[in-house]
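Enquirer: The residues making up each chain are set out below.
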Amino acid sequence: KAGVTQTPRYLIKTRGQQVTLSCSPISGHRSVSWYQQTPGQGLQFLFEYFSETQRNKGNFPGRFSGRQFSNSRSEMNVSTLELGDSALYLCASSYLGQNTEAFFGQGTRLTVV
Amino acid sequence: QKEVEQDPGPLSVPEGAIVSLNCTYSNSAFQYFMWYRQYSRKGPELLMYTYSSGNKEDGRFTAQVDKSSKYISLFIRDSQPSDSATYLCAMSAGRNNRLAFGKGNQVVVIP
Numbered sequence: 009k010a011g012v013t014q015t016p017r018y019l020i021k022t023r024g025q026q027v028t029l030s031c032s033p034i035s036g037h038r039s040v041s042w043y044q045q046t047p048g049q050g051l052q053f054l055f056e057y058f059s060e061t062q063r064n065k066g067n068f069p070g071r072f073s074g075r076q077f078s079n080s081r082s083e084m085n086v087s088t089l090e091l092g093d094s095a096l097y098l099c100a101s102s103y104l105g106q107n108t109e110a111f112f113g114q115g116t117r118l119t120v121v
Numbered sequence: 308q309k310e311v312e313q314d315p316g317p318l319s320v321p322e323g324a325i326v327s328l329n330c331t332y333s334n335s336a337f338q339y340f341m342w343y344r345q346y347s348r349k350g351p352e353l354l355m356y357t358y359s360s361g362n363k364e365d366g367r368f369t370a371q372v373d374k375s376s377k378y379i380s381l382f383i384r385d386s387q388p389s390d391s392a393t394y395l396c397a398m399s400a401g402r403n404n405r406l407a408f409g410k411g412n413q414v415v416v417i418p
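Chains as they are written, first to last, in our numbering: chain A, 9 to 121; chain B, 308 to 418.
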């Protein structure tokens, strides 16, 4: 069974640009959660999608958005990038949204210059 | 005050030693407690999952939860160089609730 796949693995963007990250969950999983990981703040919850609907949202500005498609694949978008957005972005999938049994992808390392 | 506190200081131990990690939390609603292991350039992987207070053992790993003190621990016995990783605690109020993570502890096991 394939794991959670995130693409791309690495990205370098310039301040002010926007970026879209992709997450393909484990086959059959309907929930996808996104996290930002930085050395200073650790892992912080961005949002969760379940069956194409946003179910939970963390305390991030509106520049961070996401969506989920009918095949459960999810994308997150960050507009007007800031230097502080440099981080490892992780997604996690679970079968029915039981976040206590979520599986993480390897992450997308975003660097904003 | 952050919901979950985990002293991120790196920890170096000799092979075979016991590794002791802990987290404290402030949210009384937390019922589910997890420990994740994250190797460099990888995503976190679930190690242990405990519901409410008590102990849970899985091989060389033991997780303890003391809800009265809002304190959880992870012990690794007979540590191996392959245990070298960052260990993150995580908690949630319900199985479908968002996870709140500690900052993680980097552990280095020296052969």
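Simulated from the structure, these hints should not be mistaken for laboratory data.
Source: prediction; values computed, not measured.
Incorrect hints may have been included.
[As the list claims (entries may be wrong)] Below, computed lysine to any residue pairings styled on SDA-like, alpha-carbon distance capped at 25 Å:
#1 B:309 - A:70
#2 B:349 - A:94
#3 B:349 - A:68
#4 B:309 - A:103
#5 B:363 - A:106
#6 B:309 - A:121
#7 A:65 - A:96
#8 B:377 - A:66
#9 B:377 - A:91
#10 B:309 - A:17
#11 B:377 - A:118
#12 A:65 - B:352
Enquirer: Confirm or reject each hint.
Expert: Status of each hint after checking the structure:
1. B:309 - A:70: Judged against 25 Å, a Cα distance of about 22 Å means the pair holds.
2. B:349 - A:94: Roughly 17 Å between the alpha carbons, so the hint for residue 349 (chain B) and residue 94 (chain A) holds.
3. B:349 - A:68: Status holds; Cα separation ~24 Å.
4. B:309 - A:103: Distance of about 29 Å is beyond 25 Å: violated.
5. B:363 - A:106: Holds: residue 363 (chain B) and residue 106 (chain A) sit about 20 Å apart, inside 25 Å.
6. B:309 - A:121: violated, 29 Å
7. A:65 - A:96: Status holds; Cα separation ~18 Å.
8. B:377 - A:66: Judged against 25 Å, a Cα distance of about 23 Å means the pair holds.
9. B:377 - A:91: The hint is violated at about 35 Å.
10. B:309 - A:17: violated, 30 Å
11. B:377 - A:118: violated, 35 Å
12. A:65 - B:352: The hint holds at about 22 Å.
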